[in-house]
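Enquirer: Here is what each chain is made of, one letter per residue.
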Amino acid sequence: MPWNRDQLAQRAARELHDGFYVNLGIGIPTLVANYIPADMKVVLQSENGMLGMGPFPYEGEEDPDLINAGKQTVTELPISSYFSSADSFAMIRGGHIDLSILGAMEVSEDGDLANWMVPGKMVKGMGGAMDLVAGVKRVVVVMEHTAKNGAPKFKRKCELPLTGANVVDMIITDLAVFAREDRATRFKLIELAPDVTLEEVRAKTTAKFD
Amino acid sequence: MPWNRDQLAQRAARELHDGFYVNLGIGIPTLVANYIPADMKVVLQSENGMLGMGPFPYEGEEDPDLINAGKQTVTELPISSYFSSADSFAMIRGGHIDLSILGAMEVSEDGDLANWMVPGKMVKGMGGAMDLVAGVKRVVVVMEHTAKNGAPKFKRKCELPLTGANVVDMIITDLAVFAREDRATRFKLIELAPDVTLEEVRAKTTAKFD
Amino acid sequence: MAGASKVFATAKAALEGVVFDGMTVMSGGFGLCGIPENLILALRDSGVRELTVISNNAGVDGQGLGLLLETRQIRKMISSYVGENREFERQYLAGELMLEFNPQGTLAERIRAGGAGIYGFYTKTGAGTVVAEGKESRVVDGHTYILETGLTADVALVKAWKGDTEGNLVYRKTARNFNPMMATAGRVTIAEVEQLVQPGELNPDCIHTPGIFVQRIIQGEKYVKAIEQRTVRKRSAA
Amino acid sequence: MAGASKVFATAKAALEGVVFDGMTVMSGGFGLCGIPENLILALRDSGVRELTVISNNAGVDGQGLGLLLETRQIRKMISSYVGENREFERQYLAGELMLEFNPQGTLAERIRAGGAGIYGFYTKTGAGTVVAEGKESRVVDGHTYILETGLTADVALVKAWKGDTEGNLVYRKTARNFNPMMATAGRVTIAEVEQLVQPGELNPDCIHTPGIFVQRIIQGEKYVKAIEQRTVRKRSAA
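Those protein sequences? They're chains P, X, A and Z, same order as listed.
Read left to right, the first sequence gives residues 1 to 210 (my numbering).
Read left to right, the second sequence gives residues 1 to 210 (my numbering).
Read left to right, the third sequence gives residues 1 to 238 (my numbering).
Read left to right, the fourth sequence gives residues 1 to 238 (my numbering).
Chain P extracted, bound-state conformation (with noise of 0.2 Å):
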């Protein structure tokens, strides 16, 4: 039985430690701050210009000067700060975020992640994705094992345009984890969803893994 939208969080939350600071990317990633151990400490970091971001705000308390990455309204905890745009992407371009999760078209077995732009469609941009994957230590992709028409996501090579090349670390898909020790070494699956056979897996993915 593949693992929901809820459930996908909950598996990518695992790949947080205490102390960690953290970037979440928009979809299913942004879910995974529900899913952090009341005992674990946490700081997510917003790349429009803050760290230490709080929860959505009560009803009647949005604050138009006060959002997230994703142009959501949030909240300020007492550990939080602001900063500029150009501050927020030296933390992130200077390595000092040790996590971003974030969603993705596809995922080739060298690491190169494609989330941005579909050619003939009309582009929105790459917004922080390409800053972001550049950046920060460690990248968790959290996606849907196949397109919706079924095709493989996880591929020998991208086809769609890079958001960057060789800078995913793990797969997080409905069906399985992939991990790799480093950034020269290839993806081996860790897990497999209940009821997910190793079959299944190998017959929706293009992308060579261990």
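No wet-lab data here; the hints were simulated from the structure.
Predicted model, so just to flag it, every value in this text is computed and none were measured.
Even for Gly, the Cβ is constructed at its ideal location relative to N, Cα and C.
Certain hints may be false.
A short list of chain A residues far from chain X (calculated; beta carbon distances all over 12 Å) [what the hints assert, rightly or not]:
| no. | residue |
| --- | --- |
| 1 | Val19 |
| 2 | Gln73 |
| 3 | Ile118 |
Stretch by stretch, here's where chain A covers chain Z in the computed footprint (C-beta under 8 Å, at least three residues) [stated by the list, open to error]:
| no. | stretch |
| --- | --- |
| 4 | 118-126 |
| 5 | 159-172 |
Once you have looked at the hints, place chains X, A and Z on chain P.
Expert: Same frame as chain P, but now just chains X, A and Z:
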């Protein structure tokens, strides 16, 4: 009669304009602050990280956290702001300061400036001088016309290591003032100190000037 | 102390004499957060055309820079993300609008570099992607870096929370975003603030933009401060 | 929320396990203003040797980094100005100490670049001087720019006015100087503060160094805060 230190500072102060942001070097340039006309607004920048530098504090009111680039105690004004050294030199390098008034050991006829090192003597370092001459819109040098041994300081070529190449716009010495319209044209003698003759200046200058 | 005042009465007055057809404009903000609302309106009303606009986003339909898209005053955008804008999409797909995408951090750093007198810088961001195409690169210790150059503008429009008559600015929360760098990169920088105060009222240790970067300042007439994604949580029943 | 505490009881404890012979250390401050007094003392007492120290200045005799010169723990300085220091001069002229001069703004920017993941940047500063020797350069629009590279350190020692237990820092007046960039460029950054406070006590819009950059923090035991040039004016008789 050659100008004395205060007269030099006074002459240099005539290069100030209303609304100018100015960086003053150590020595005679510092004295220029005493001759800012009362009806003129000039904001002083200190490259260690302050805009809107005030006068020396009253005795007993010195603050060790409030010094200028010469490490002298200074004061704050209502217009003051503080920033990091990176931001300070971004301000300088980015061409936001209107005028810098500096001392010099030598200036060449091409506007090269040498004011930071004498080979064979202990070298203290360039501090912010190279950044200032490279970044500030207009650079005015205030210096004695000749060295203590009588050697000309405004010369064909600098013999000392440069602080910057083709960076000087005006030279104010105790004998004369030289200026040029831009950094592609030659210096022109525009003033003589009282009772100083063109012949004397020519005799004590090896630089070509108009 | 005299000095020509930096304070202008209206956004319209603040733009006079410094805007022209074909100019490059920087406009602060992230989404609709921290955008110079009043100055954008005045820029639209000035009627200047063929603008190159450097801004992280392009507003939404009918708000922010979306207003200048409706009137077709923008020829080219330099941005990192332009979603949520149908008129943008229409003009772009019709070939009426040019678009240069920059990664968000690269865009922020290019603007900082422009204001800081840095010709260019080497960054890993975008290496191996279309962003690297046509750019110089170098490999250091196995990492590929691409050369990105500084950006400046004829006019930078920024929005702060408070500002004093000297042009010192303080931003509020995430409305800071691109405003501080843009303030440094405009040949003329015009700031609008919610509260215009006197010198001495801002804490000099907490001024985000020193007055040297601001040539003109206005107190904005009114602020909509629209929210794009109103997300809330329920109060748990007590 | 748990998280290993960043707070250490003493300067000595804060250095344990992160200092070693031959390491590169950044040390904040301009002259004696804003220097990490307590951490420098503890670094001296740790006995580590063969240090490369990146600091705008080298202290004065008997104060600041002058203490590490006396004990011959420094092998090399990267600075912009080292006057006012006889022991420095003696060691340097005797060939016992290496010295690399950087223009002050270039030094500040190199440290910022190191912390910001920028491999290098092109600056006009130093073009046509000895600083440019051996460096790449390029001419753009008639201006010569030289390539300067980012700097990082094994440990950065910084001094702030206030800091909270999360490592958020606020500097005071011109004691800010090199501290904020160095905080970003240390693989381990240790901050000492005059006042250690709880989260929530600092204004989040006015935090100069976000806590992410600070791995360890102490409240300094005592502060001398020496003045190098005590300059005053007379009160005019009333």
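Enquirer: Would you mind marking each hint as holding or not holding in the structure?
Expert: Here's how the hints hold up against the structure:
1. Under the 12 Å C-beta cut-off, the non-interface status given to Val19 of chain A relative to chain X holds; the minimum distance is some 21 Å.
2. Its beta-carbon lying about 28 Å from the closest one in chain X, Gln73 of chain A satisfies the requirement of being farther than 12 Å from that chain.
3. Against the 12 Å criterion, Ile118 of chain A falls within the reach of chain X, whose nearest CB is about 7 Å from its own CB.
4. For the stretch 118-126 of chain Z, the stated coverage by chain A holds: 7 residues have a C-beta nearer than 8 Å to a C-beta of that chain, and at least 3 were required.
5. Figure legend: the stretch 159-172 of chain Z, annotated as covered by chain A; annotation consistent (3 residues with Cβ-Cβ distances under 8 Å, at least 3 required).
Hint 3 from the earlier list is the only one contradicted by this structure; the remaining hints agree with it.
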